[in-house]
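Visitor: Put chain B on the given structure of chain A with help from the hints.
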Amino acid sequence: MNPPTRLKGGARQERRVPPFHIERARKRALENRMVVGLAGQQNAGKSTVFNMLTGSNQHVANYPGVTVDKKSGVYREDGLKVEIVDLPGTYSLTSFSLEERVGRDFLLSAAPDAVINVVDATQLKRSLYLTFQILEMGFPVVVALNMMDVAAARGLKINLERLSHSLGVDVVPTIGRQGRGREALRDRLREVRKRSGPAAGLMIQYERLEPFIERVEARLETLPDLAARYPIRWLAVKLLEGDNEAEKLIMREANGGAELLADVRGWRREFEAMEGMIPSDVIVLSRDRLAAEIVALCVSDTSTGRTPWSERIDRVVLNRVAAPFFLLAAIYLVYEISIVEGNELTLLTWPVLVWIRNGIASLLPSPALLFDPYTRLLGLWVVDSASALLNYIPIFFILFALIAVLEESGYMARIAFILDRVFHGFGLHGQSTLPFILSGVMAGGCAVPGVMATRAIPDRRSRLGTILTAPFMNCQAKLPLYILLINIFFADHRSWALFFIATVSILLALLVARLLTSTVLRTMETAPFVMELPSYHVPTLKGVLARAGDRTWVYIKKVATIVAAAAVVIFALLQAPGLNAERKLWYEGELDKVRVGFETAIQGTAYESLADGKPLISLLRAFANYEEAVAEAEGPKALEAVQAKFKARYENYYPLLDPGTDEQAAGMRAALKALADRRDELRRDIDEETLTYSFFGRFGRAIVPVTRFAGFDWKTNVALLSSFTARENSVATLGVLYQEGADENQRLEERMRNESRARGITPLHALAVILFFALYPPCLATVIMIKAETASWRWTLFSIVFPIVLGLAVSSLVFSVGRAFSLSGFKMMGIFYLTTLVLALVVGRGGGRRSAPPEEQLTDLSPQSI
Amino acid sequence: MFGNWRHKRGRGRKSRAALLNIKEKPFETCRQRGDVAPKTCCLLADVPPGACCRIRRHRGRGAVRQRLLDLGFVPSAKVRVLRKATLGDPIELLVDDTFVTLRKNEAAQIEVDP
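These protein sequence lines map, in sequence, to chains A and B.
The numbers in the numbering used here rise by one with no breaks, and the one at position 501 of the first sequence is 594.
The numbers in the numbering used here rise by one with no breaks, and the one at position 38 of the second sequence is 81.
Careful, some of the hints might be misleading.
[Unchecked claim] Covered, in the sense of this in silico footprint (three residues per stretch, anywhere, with C-beta under 8 Å from a C-beta of chain B), are these stretches of chain A:
hint : region
1    : 214-227
2    : 251-257
3    : 343-357
4    : 512-518
5    : 615-622
By construction, these hints were calculated from the structure, which means they are not laboratory data.
Ideal placement from N, C-alpha and C gives every residue a C-beta, glycine not left out.
Isolated chain A, as found in the complex (with noise of 0.2 Å):
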């Protein structure tokens, strides 16, 4: 091998290492540990190093006071433990973005006593940009020379030692995928921990600046312990670039600061009236220069000519006409694997959740004839609140495996590429498409991920206007109400009103967010649509089922936690205060007159000792299995069959259940089903008169006023209220509140349907729920996980208030423009879906397209004047 050829850009020299470094360095020799920062870029494979280096052991928190992940992990060796923390990935370190700003005060703060940077073969070039940016903050680097096997299919050859040479540090292939590499990269790590004195490695040479990085070296030595906590040539040259973090921390940090800066910033206009460029031009180029030469001096490329395979696959995929198709093909694909593959599996797990439902049930205390203990009302509220949001594990388990499958093969980003133009339109952004994905764009979804994709929109405007607009997708919670409407009072065009639904709730999301970006966000700092497209890869069986893994558990902690108890603060407020004891009182005697028609009938008989108590009770539920295994069995095979089985259960009485041809029994069996009736009636009408003066019902009769213009009563607003914590318990309240017709074992369509029909109930105020329920407020769990996401009460608030508002006013337009013009329900479905579409159109076509600002004469940049 020859010796590399010394480079031009930069010259190897011995680095100082702050002293700092030093000192925690020594601090956690003696406590047998070590500090790593793993850095690279995006794209790089960062995350499958990470994992590589330590395993499962590891833990996800924020940096302080952002919502930017920090991924820490720990491996141990021989006594020695070694903490890796992977830094957000960035292209620099500059001071621009969250994300940089983030990765670089971790590194000046925990002085790692090491970095790992995570370096992409394929993109050797680009990635040493941030290599030297490290070696300039003077860390001990170990380059980890990623997915060698993907620059080896391309034809690149890489001579690592040349490459180790250049860089004065050393380079370990990995390829993280596979997991290979992780004991060379160990190694190296113990061998850095070994070496003591200052870091090597390359020092890169700013050309012409040199002279101005030297004055601001020579004036930042003066400043006492600033040298002492702050690698100092690094700082020179941030100085000289203009960064405004590091210009706060001068302030911060020194005294006499102000004068330095103002140093700094007249020689920054001596180089500029000198040279005719601006410092960090020239410091840009000058890494440009140098990656340049060292990949020209490491990298063969022996594939001249040939296309890469992800872009001949774009040429098709991403075809002007095609591209969409492509893109619907793949949507409709991920809903029809996941909602129907899904609830098939739904059919297998839901007896699971019946079975620990019963299980529960049989620990509570048991019931009574009329006024159930409430600790098992409360018990079987909160379990059947939180298996209504189980159930839906296995669909969201396998919608969030197909679309980890998007995004670890690469098409995600593509998706953002051909959908940009519309978000943009709306003040959104192209990497929105994920979280409305996620929170269900045509039917099924959960808010509460979805808002979680949102960390990767590097625009912060557009996240929050995501986060604000990804609640009015229809989740998976939404459907049953909309279902039932739909049932009841369109059931003529039920194809149309579905449509209607699935897609206007998508242009009212783009309106709201259009609306939001324009007004309230307007001021919010945003970013430019500058995104790498990866090349394509064949996502792993382990990468998929991690991501959608994480996602589901992210769910069930949420039901588990936040909205198991909601769930006891919503039955407080739909029970309390509960019936008075006079009331109660004239329940009890109700009852007590059948059942002294039944005590009667089988006083004297070997039954009586089931006249009361428990034994009444369980004889009463033995009853309602057997007549509704009867309903349900059909032809005389299986009603032989319900019979053996009842018949060998309840031994003791089951001439009560069927009394064959016994006319003694026959009278005990009227006299019973006489009892069980008249049970089921009260129960019922106890339940909707708790129902009807609880904190709830007087809530919803109180604010009438209100939403009288929206058309909604008082049992709308009751529901509509109890759906806050999660959207299904809006049928389910329905349920209590329609109760006539129940003993005719009506559904309750038929029954609402009845009971709206008599009071006037139009499909004009099915409309006016269906759009608030579209612009509902995101349920509690979402709302939590608004919280985490934005860092602000004050967002959350009003991601509560403003769809309240909204859903209000656009609901009681409706209603009131219906009404006043006696358009029917559908009529009006239809004026006011070509009203949003139209909107939406004017709108999202104007909203992207800015006129670029004018041309602003800044320096020249052309090659020449280097």
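Guide: Frame of chain A, contents of chain B only:
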């Protein structure tokens, strides 16, 4: 292609030819003659798909500029415009070996030479 309607000024014909051209040629970053940007172009946003150009300078400042520089849009770097999205915006570019997407707004901040 139908997305060119917003960019008239008589360049529609040329870009179509360039688009057809690229499919038959082997994949080269930017070497052939004939696939360079028309002389009239001076902003990256106006370079038709299939054509190549050289970055002259950035008009933008701050975060956008930094991000573009990080991605390799440095002066004198060669860039090939690969395609536009279905609605005409954003565009996909090839810089060095990196595939990058940009909105026209940002691309209009970059001056290029043919």
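Visitor: Find the hints from earlier in the document that the structure breaks and name them by number, from lowest to highest.
Guide: 2, 3
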